[in-house]
Amino acid sequence: MTAVAVPLEHVLFVAAVLFLIGFVGVLVRRNVIFLLMSLEIMMNACGLAFVAAGARWGQPDGQIMFMLILALAAAEVAVALALVLQLERRFASLDIDTASELNG
Amino acid sequence: MTAAAWSALLPYLVLTGALLVLLLVVSFRRSHALAMWLTLAALVATLGALPGSNAAGVQDIDGFLTIDAFANFFNGLFLLAAIVTALLGYRYVEARASRAHREEFYILLLTATLGAMTMASAAHFAAFLLGLEIVSISLYAMIAYPDEGQAPLEAAMKYLVLSGVASTTMLFGMALVYAAVGTMAFGVVLGASADPLVIVGQVMILAAVAFKLSLVPFHMWTPDVYQGAPAPVTGFVATVSKGGVLAVLLRYLVETDLLSHEALFLAVSLIAIVSMIVGNLLALLQDNLKRILAYSSIAHIGYLLIAVLVVSALASPAMALETGMFYLAGYFLMTLAAFGVMTVLSTGAPADTESLASYAGLFWRRPVLAAILTAAALSLAGIPLTVGFIAKFYLFAAGIEGELWALLWALVIGSAIGIYYYLRIVFSMIRTPDDETAVEGSGRSIEGIAAASVLGAAIVAFGIFPTPVIDVAREAVRAFGGFGE
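Same order as they appear, the protein sequences are chains A and B.
Heads up, the final residue of the first sequence is numbered 104 in our numbering, and it's a clean run with no missing numbers.
Heads up, the final residue of the second sequence is numbered 1485 in our numbering, and it's a clean run with no missing numbers.
Treat the hints as calculated values from the structure; they're not laboratory data.
Treat the hints with care, since some could be wrong.
Stated by the list, open to error - The calculated label-pair distances, taken between Cβ atoms and stated as ranges, are:
| id | chain 1 | residue 1 | chain 2 | residue 2 | range |
| --- | --- | --- | --- | --- | --- |
| 1 | A | Ala-92 | B | Glu-1403 | 55 to 65 Å |
| 2 | B | Ser-1316 | A | Ser-93 | 52 to 62 Å |
| 3 | B | Pro-1384 | A | Ala-92 | 48 to 58 Å |
| 4 | B | Arg-1030 | A | Ala-78 | 13 to 23 Å |
As the list claims (entries may be wrong) - Chain A is nowhere near these chain B residues, computed Cβ spacing over 10 Å in every case:
| id | residue |
| --- | --- |
| 5 | Val-1014 |
| 6 | Ile-1083 |
| 7 | Ala-1263 |
| 8 | Ser-1269 |
| 9 | Ile-1277 |
| 10 | Val-1278 |
| 11 | Ser-1355 |
| 12 | Phe-1393 |
| 13 | Leu-1408 |
| 14 | Trp-1409 |
| 15 | Ile-1413 |
| 16 | Ile-1464 |
| 17 | Val-1472 |
| 18 | Glu-1475 |
Keep in mind it's a predicted model, so treat the numbers as computed, not measured.
All C-beta atoms, glycine included, are put in the ideal place defined by N, C-alpha and C.
When you get a sec, could you build the whole thing from the sequences and use the hints?
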């Protein structure tokens, strides 16, 4: 492995910006589908950071972590979409704020 | 891998194998009773493999897992909690889930337990992440399990989104630490590092851990999820998922010496103090037993952080580690007992029996269940002759050894506030019921009552005679990093 042409800081910066975009999305979006998309952006930001970190050390570990993250994201989305179907059926809405029986 | 490594790994292999068998059995022959008994057999067989795993000594599995007596102490707790959850869940799931999908509950239960066991022995970020996510994803589905009602679904959705944010925060922190130090194994000493990447990364990891342990100010999800989740699952969330994170936190802190960083130590101390005080204060305002127990769990994990901090403060933290493990064992007993009683009472009802008013007069209607809940409440309050008292006493001794005076004050104040609402639970069971609010004690789950009775008896028995648990914890600590010598 040769050294990467793009400096580590730049990639980490892009990853951090992506992470923040996702985070803000989770905070402001009320539609469940968009919430899940925002989460996905955050996960992929982490993946990007891992790949960059792995490239810095010339190790495959970063890319392996990215594959783990992909698998986990898929599992999470599978459960989440099942919940979304139930949500639509029982609340007749995908707005997360209509699901607010619990409070205290 | 050597033969010793295989025998250390045996509990994990047994559980994974049993999980696959159960998946196959469920897809060919649907029988709720068969699934439950297979699950119990799998959990008991895994428990049976633990002594052999201990005998193999400290085994490093490719730098990914470290299997030792420390991990196996936690594994034992998780397996016992899973057995209790399966027993409690049987009639509950039968009543709440349609015939088409009752058996998958046990598959999820086993995967969640396997995830927690992975966390207990994690020695690498990847193992930590995998364990944590296996537990979380199984729990989303378990929380949303009942067919009817909006509350479980809402709780599952909230938990999924918030816990997803916490997990990604932790992942990003891990990526930053990896970028700075070049390895994801736990063995690197990070405490003294001044690298901003390491510090930001550690703060992100610790924040996510605090979320999973529901410590103030990351506790907002706790009461809602506790309330919405079905009672047996709530007990599992309160014990196994938190126990797993605590196990990995202890190992991580010991191996990286992270809290020798002064500002981080201060931050964790503050989180502990605020959790103890705020958790107990907010519990005072609640009339719902699930929410009371949620806030009480926030406070109890705050107490437990004292042991975590002493572990980091002392050069030879054997006693503090032992304290943390004993406290966690006690917390498992009393929390599961409380949710056990609630599950049994909820089994025949259309919704979970949660409001304190519905417990009125329980002493006259269901004396055994009332006695178990009383033992659990008194133990949570730390009244003598219960395991909760011994645990708190231990914690106090550890705090004095570590000279953490501010934390000890918070412990005393928190416990004093706590007595009020724990006694309120007991008194509400003596009160004469209004006719409408009291639940007719229709839950006749024999398995559930048996499990809850054993837990209740254990609370008192270990409160009077705690030596067996202490001995096991001491042995486990001795094997872990050689602190006992």
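- Task: Compare the structure with the hints numbered earlier in the document and write down the numbers of the violated ones, lowest to highest.
- Result: Failing hints: none at all.
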